[in-house]
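Those protein sequence lines, which keep their order, are chains L and W.
If you count the first sequence from 1, position 179 lands on 179 in UniProt numbering, and the numbers rise without skipping.
If you count the second sequence from 1, position 4 lands on 4 in UniProt numbering, and the numbers rise without skipping.
Among the hints, a few may not be true.
Stated by the list, open to error - Derived lysine to any residue pairs resembling SDA-like cross-links, with alpha carbons at most 25 angstroms apart:
hint : chain 1 : residue 1 : chain 2 : residue 2
1    : L       : 34        : L       : 47
2    : L       : 116       : W       : 116
3    : W       : 138       : L       : 174
4    : W       : 116       : L       : 54
5    : W       : 48        : L       : 171
6    : W       : 116       : L       : 34
7    : L       : 48        : W       : 19
8    : W       : 116       : L       : 97
9    : L       : 116       : W       : 91
10   : W       : 48        : L       : 19
11   : W       : 27        : L       : 98
12   : W       : 27        : L       : 19
13   : W       : 34        : L       : 113
14   : W       : 116       : L       : 22
15   : L       : 27        : W       : 49
16   : W       : 116       : L       : 186
17   : W       : 116       : L       : 48
18   : L       : 135       : W       : 10
19   : W       : 116       : L       : 135
20   : L       : 135       : W       : 178
21   : L       : 116       : W       : 98
22   : W       : 48        : L       : 91
23   : L       : 116       : L       : 22
24   : L       : 116       : W       : 97
25   : L       : 48        : W       : 135
26   : W       : 135       : L       : 143
27   : W       : 135       : W       : 65
28   : L       : 48        : W       : 18
29   : W       : 27        : L       : 38
30   : L       : 138       : L       : 186
31   : L       : 138       : W       : 97
32   : L       : 48        : W       : 171
33   : L       : 116       : W       : 171
34   : W       : 116       : L       : 98
35   : L       : 27        : L       : 113
36   : L       : 48        : L       : 32
37   : L       : 48        : L       : 38
What the hints assert, rightly or not - In silico contact screen, one side only, chain W against chain L (beta carbon under 7 angstroms); selected entries:
hint : residue
38   : 22
39   : 25
40   : 122
Hints are computed from structural coordinates only; laboratory data are not their basis.
We put the CB at the ideal spot given by N, CA and C, even for glycine.
2 protein chains.
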Amino acid sequence: MTGTRERIVTAGAELLRRNGYTGTGVKQIVEAAKAPFGSLYHFFPGGKEQLGEEVIRTSGMMYLALFDIFFADEPDLLHGIEACFASAAETLRATDYADACPIATVALEVASTNEKLRIATADVFTAWIDAGTEKLRKYGLEPEAARRLTIALVNSLEGAFVLSRSLRNTEALDVAGISTVALARTLLP
Amino acid sequence: MTGTRERIVTAGAELLRRNGYTGTGVKQIVEAAKAPFGSLYHFFPGGKEQLGEEVIRTSGMMYLALFDIFFADEPDLLHGIEACFASAAETLRATDYADACPIATVALEVASTNEKLRIATADVFTAWIDAGTEKLRKYGLEPEAARRLTIALVNSLEGAFVLSRSLRNTEALDVAGISTVALARTLLP
Numbered sequence: 001m002t003g004t005r006e007r008i009v010t011a012g013a014e015l016l017r018r019n020g021y022t023g024t025g026v027k028q029i030v031e032a033a034k035a036p037f038g039s040l041y042h043f044f045p046g047g048k049e050q051l052g053e054e055v056i057r058t059s060g061m062m063y064l065a066l067f068d069i070f071f072a073d074e075p076d077l078l079h080g081i082e083a084c085f086a087s088a089a090e091t092l093r094a095t096d097y098a099d100a101c102p103i104a105t106v107a108l109e110v111a112s113t114n115e116k117l118r119i120a121t122a123d124v125f126t127a128w129i130d131a132g133t134e135k136l137r138k139y140g141l142e143p144e145a146a147r148r149l150t151i152a153l154v155n156s157l158e159g160a161f162v163l164s165r166s167l168r169n170t171e172a173l174d175v176a177g178i179s180t181v182a183l184a185r186t187l188l189p
Numbered sequence: 001m002t003g004t005r006e007r008i009v010t011a012g013a014e015l016l017r018r019n020g021y022t023g024t025g026v027k028q029i030v031e032a033a034k035a036p037f038g039s040l041y042h043f044f045p046g047g048k049e050q051l052g053e054e055v056i057r058t059s060g061m062m063y064l065a066l067f068d069i070f071f072a073d074e075p076d077l078l079h080g081i082e083a084c085f086a087s088a089a090e091t092l093r094a095t096d097y098a099d100a101c102p103i104a105t106v107a108l109e110v111a112s113t114n115e116k117l118r119i120a121t122a123d124v125f126t127a128w129i130d131a132g133t134e135k136l137r138k139y140g141l142e143p144e145a146a147r148r149l150t151i152a153l154v155n156s157l158e159g160a161f162v163l164s165r166s167l168r169n170t171e172a173l174d175v176a177g178i179s180t181v182a183l184a185r186t187l188l189p
């Protein structure tokens, strides 16, 4: 039954990303996962909320891995930032503006309505900020500057996803890339 | 019955902002508006979707008016930007991190699921970008620079709202203010 649990989390992640937490029903999730209905409560006795928490944490950690892709072997910080936003823009266009941040929709939905899930999103954002700060320090940034640039990068990316998905064009992501690079220039030693 | 319609829109705006579109029921809205249930369909024959569209457009236009507050009589662009983010941070803290952008949650929810409401959010963002661009031009910015700065400001604000509401602190908003000011410095003549 190992595969079933994984399929439920994967299907849940896809549905939550596209439809949000309240917009997704558990029935929809098991159907998309081609899993028997009872298996959801077998693996997630806490039901939708427990699955939601696991989806937030799992998707969040997978997204965090992207930091490595863009910055691990990149000697130039500004190129790394540009590549990051260019790739996000390409993914958005390729998926008809559906695949953006895996947890932002849910994060906004639960921020004032579900404390358990709010904390899961906060843990994910904290992990991103900590990992990004460490990653960006290798470009010679002071800890506080690296943290500030990481937060600015996440701010711009998340905000641009809202605009780009709504407007169905990537202008906001292009501007986000340009403005994050501009900030990076002021912070580099 | 004029007051009833207004109360429904106001209650709808408040509920959609906090709980999202799918997380809000029409019953909840009429109850919060202290309106008879039938009045919702009397004023909004298209039901929840029609009300949602009006709420998005009305809230969006009210939020747009904030641009005037921060930039109308402000001789210094950088002070205007700082005041904008400082005020957003203060509002978030004062409302226990509930009152941020009136349409972002809904915008993400409907981006891939409801084309009519997606267009309403796109019209709002377009109005913000156009109005902001015009407003910022008076600081001597070229049209393209004014547009870029406006989009960067909205990106940073929207993204910082996601992080700040999730993390329950205003660090992301503080960084958003600093990075938008940094970009503005590079664009000013």
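Hints, one by one, checked against the model:
A threshold of 25 angstroms between alpha carbons decides the hint, and for residue 34 of chain L with residue 47 of chain L the separation of about 17 angstroms falls inside it, so the pair holds. With a C-alpha separation of about 32 angstroms, the suggested pairing of residue 116 of chain L with residue 116 of chain W is violated against the 25 angstroms cut-off. Straight-line distance between C-alpha atoms of residue 138 of chain W and residue 174 of chain L comes to about 24 angstroms, which keeps the hinted pair within the 25 angstroms bound. In summary, the hint linking residue 116 of chain W to residue 54 of chain L is not supported, as the alpha carbons are separated by about 32 angstroms, beyond the 25 angstroms threshold.
Proposed proximity of residue 48 of chain W and residue 171 of chain L is contradicted: the alpha carbons are some 31 angstroms apart, above 25 angstroms. Our distance criterion of 25 angstroms between C-alpha atoms is broken by residue 116 of chain W and residue 34 of chain L, whose separation comes to about 31 angstroms. At most 25 angstroms may separate the alpha-carbon atoms for a hinted pair to count; residue 48 of chain L and residue 19 of chain W meet this at roughly 17 angstroms. Between the alpha carbons of residue 116 of chain W and residue 97 of chain L the distance comes to roughly 16 angstroms, so the proposed pair stays at or under 25 angstroms and holds.
Between the alpha carbons of residue 116 of chain L and residue 91 of chain W the distance comes to roughly 24 angstroms, so the proposed pair stays at or under 25 angstroms and holds. Distance hint between residue 48 of chain W and residue 19 of chain L is fulfilled; the C-alpha atoms sit about 17 angstroms from each other, no more than 25 angstroms. A distance of roughly 30 angstroms separates the Cα atoms of residue 27 of chain W and residue 98 of chain L; the hinted pair therefore is violated under the 25 angstroms criterion. The hinted pair formed by residue 27 of chain W and residue 19 of chain L meets the criterion: a straight-line CA distance of about 22 angstroms does not exceed 25 angstroms.
A hinted pair counts as satisfied when its Cα atoms are at most 25 angstroms apart, and residue 34 of chain W with residue 113 of chain L qualifies at roughly 22 angstroms. Taken as a hint, the residue 116 of chain W and residue 22 of chain L pair is honoured in the structure, with Cα atoms around 19 angstroms apart against an allowance of 25 angstroms. Between residue 27 of chain L and residue 49 of chain W the CA atoms are separated by roughly 24 angstroms; this keeps the pair inside 25 angstroms, and the hint holds. Of the supplied pair hints, the one linking residue 116 of chain W and residue 186 of chain L is violated, its CA atoms being roughly 42 angstroms apart against a limit of 25 angstroms.
The straight-line distance between the Cα atoms of residue 116 of chain W and residue 48 of chain L is roughly 28 angstroms, outside the 25 angstroms bound, and the hint therefore fails. Distance check on the hinted pair: residue 135 of chain L and residue 10 of chain W sit about 45 angstroms apart at the alpha-carbon level, beyond 25 angstroms; violated. For the proposed pair residue 116 of chain W and residue 135 of chain L, the alpha carbon gap of about 41 angstroms is over 25 angstroms, so the pair is violated. Between residue 135 of chain L and residue 178 of chain W, the direct Cα distance comes to roughly 21 angstroms. Compliance with the 25 angstroms bound is thereby established for this hinted pair.
Note on residue 116 of chain L and residue 98 of chain W: the hinted pairing holds, with a Cα-Cα distance of about 16 angstroms set against a maximum of 25 angstroms. The straight-line distance between the Cα atoms of residue 48 of chain W and residue 91 of chain L is roughly 32 angstroms, outside the 25 angstroms bound, and the hint therefore fails. Between the alpha carbons of residue 116 of chain L and residue 22 of chain L the distance comes to roughly 15 angstroms, so the proposed pair stays at or under 25 angstroms and holds. About 16 angstroms separates the Cα atoms of residue 116 of chain L and residue 97 of chain W, which keeps this hinted pair within 25 angstroms; it holds.
The hinted pair formed by residue 48 of chain L and residue 135 of chain W fails the criterion: a straight-line CA distance of about 46 angstroms is larger than 25 angstroms. Taken as a hint, the residue 135 of chain W and residue 143 of chain L pair is broken in the structure, with Cα atoms around 36 angstroms apart against an allowance of 25 angstroms. Restraint check for residue 135 of chain W and residue 65 of chain W: satisfied, since their Cα atoms lie roughly 11 angstroms apart, inside the 25 angstroms limit. Distance restraint check for residue 48 of chain L and residue 18 of chain W: the Cα-Cα separation of roughly 20 angstroms lies within the 25 angstroms cut-off, and the hinted pair is therefore satisfied.
For the proposed pair residue 27 of chain W and residue 38 of chain L, the alpha carbon gap of about 31 angstroms is over 25 angstroms, so the pair is violated. With a C-alpha separation of about 16 angstroms, the suggested pair residue 138 of chain L and residue 186 of chain L falls inside the 25 angstroms cut-off, and the hint holds. At roughly 34 angstroms between alpha-carbon atoms, residue 138 of chain L and residue 97 of chain W are farther apart than 25 angstroms, so this suggested pair is violated. Under the criterion of a C-alpha separation no larger than 25 angstroms, the hint pairing residue 48 of chain L with residue 171 of chain W is inconsistent with the structure, at around 31 angstroms.
For the suggested pair residue 116 of chain L and residue 171 of chain W, the alpha carbons sit about 21 angstroms apart, so the restraint of at most 25 angstroms is met. At roughly 16 angstroms between alpha-carbon atoms, residue 116 of chain W and residue 98 of chain L fall within 25 angstroms of each other, so this suggested pair holds. Proposed proximity of residue 27 of chain L and residue 113 of chain L is supported: the alpha carbons are some 22 angstroms apart, at most 25 angstroms. Between residue 48 of chain L and residue 32 of chain L the alpha-carbon distance is near 15 angstroms, which keeps this suggested pair within the 25 angstroms criterion.
Taken as a hint, the residue 48 of chain L and residue 38 of chain L pair is honoured in the structure, with Cα atoms around 13 angstroms apart against an allowance of 25 angstroms. Interface hint status for residue 22 of chain W: upheld, as the beta-carbon distance to the closest one in chain L is roughly 4 angstroms, under 7 angstroms. The beta carbon of residue 25 of chain W comes no nearer than 10 angstroms to any beta carbon in chain L, farther than 7 angstroms, and the hint placing it at the interface is violated. Interface hint at residue 122 of chain W: satisfied, since its Cβ lies 5 angstroms from the closest Cβ of chain L, which is below the 7 angstroms cut-off.
The structure fails to meet hints 2, 4, 5, 6, 11, 16, 17, 18, 19, 22, 25, 26, 29, 31, 32 and 39 from the earlier list, while all remaining hints are met.
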